[in-house]
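Chemist: One letter stands for each residue in the lines below.
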Amino acid sequence: MRNLSILFRREFSSFFATPVAYVFIGIFLVLSGVFTFFVGGFYERGQADLLPFFNFHPWLYLFLVPAIAMRSWSEERKSGSIELLMTLPISTWQAMLAKHLAAWAVLGLSLLLTFPLWLTVNYLGNPDNGIIVAAYFGSWLMAGAFLSIGLCMSAMTKNQVIAFILSVVVCFVFVVSGSNIVLDAFKSWAPSMVIDVVASFSFLTHFEAMAKGVIALNDLMYFLLVTICWLFAGLVIIEQKKAD
Amino acid sequence: MISVKNLFKSFNGTQAVSDLSFDIIPGDVVGFLGPNGAGKSTTMKMLTGFLLPTSGDIHITNLSLEQSALEIKKKIGYLPEGAPAYGDMTPLQFLNFIAQIRGYKGAEKTSRIEQVVNQVELHEVLDKPIDNLSKGFKRRVGLAQALIHDPEILILDEPTDGLDPNQKHQVHKLIKNLSKDKIVIISTHILEEVTAVCNRVMIIAKGKLLFDDTPQALNRKSKYYGAVTLYCSYRADVSELGELEGVAEMEEDLSTGRVTLFPKPGAEILHLVTAHAQRCKLPIDSLYVEQGRLDQVFRQITQDISQEENP
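Residue numbers (my numbering), protein chains in the order written: chain L, 1 to 244; chain E, 1001 to 1311.
Hints are computed from structural coordinates only; laboratory data are not their basis. Given the structure is predicted, the values throughout are model-derived calculations rather than measurements. Backbone N, C-alpha and C define an ideal beta-carbon position, used for all residues, glycine too.
Some chain E residues close to chain L (C-beta under 10 Å, calculated; not the full set):
| no. | residue |
| --- | --- |
| 1 | 1042 |
| 2 | 1045 |
| 3 | 1048 |
| 4 | 1051 |
| 5 | 1079 |
| 6 | 1083 |
| 7 | 1089 |
| 8 | 1100 |
| 9 | 1145 |
| 10 | 1155 |
Between the sequences and the hints, there should be enough to build the whole structure, so can you do that?
Modeler: In structure tokens:
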């Protein structure tokens, strides 16, 4: 536990020692504003809620989360500092978890900094703040799942660009597997059970309810399990490839 | 103590280390020598638990590395090849991080950091990002990191690579000043370093242990060990020197006036040479007994094996 917190602090502060965190948060805030007001039609809808804001999160994370995850292991392997890290008296899972939690904390911070939107809806009307808090929580949970995919891909290669592209592709598959782009391809021939299974892997399907403030146990478990599975896969990969 | 038995490591079919067995006891300062790609770094990586051996056993202080890796890692200080560190941190932040992971807190932590900073003289760069430091300082940060918990076992992969002669001297002094009940393993390409700091030499080539003894014994293997070299100020007839009793062979370099006389095994020839020189009034400028040439022994040992394999 002590090791985990030391590693977490190092990872977290390394985001702020370089411009990574500032650039990330800045772009996240700008883009979420653009999506909410221009694409999502925040004013035109005439409703005091944050649905247009949350609905775009999967698409925002699709590119931004791989960008923040890509350096985590790739850079360690490229610079050789992984040799240092792995010969310290810590276990690999502590390092993995610390990296995940640190990046997740940056994502959480970015989400918190969107609070002016929350102030705006509260000024304009009387939204259900419980729903908004639940949706924030759901969004953060989904970000954690995206992040675990990014970390796993980053463990796979020394090259950050490759790590980024791979994680965008895998994240994209997870995001759209519930949408018609993918389901149409199955609908003509596959039994409905297969379609349901494919659809149930989708981030979109699971996030839909969360964006409306409903936190169902199955959605919660889904994102947690996805996160754990990808982190575990990343752990196996880094143990295998650390010396390459 | 470190005990290695029948250690093998292969990467995708290439044998990096094959059948390595040795014991290292406290007090040993071991110099790992070998050509590039000989398996030195691979062996060190396995000793630190970074790499798992393909087969074979490593026991460190009576613990199996396989079963008690975490326990063993606490006792080892390791400077990886190229002294990697987190470039965005300053040496102070970095050492602070390492000290915390090594279990130090509060005042003890501060005093440990202070001590290693003194040992490797990092004061002037403590607050600059490691990325911006010169190669020598980066290496010293790496050394500081390895020394911070005063480890029983210190494994340094090319600790003086990229340092200037003064810094090299400083690192040698530092290693010599470590207490005498520690195990130190350094790998290097600088042969003089071995005579300067080590009391044991291991030469590895093609993953095999070819030599394991003291640096003096390594010197004695040299053709030049005990040979007498003299320089004449002008051309003189030195051919009689070659016929002296006890001289096996004479090597003459006409352009520089250097003459080297190799003794027969076990023979001492210095007094014969000086007596002859006096008798014949040879115009000798300088004369000395060779201590053996490490580079020549090194070539001899490591090239023998490559010839054996590619005749």
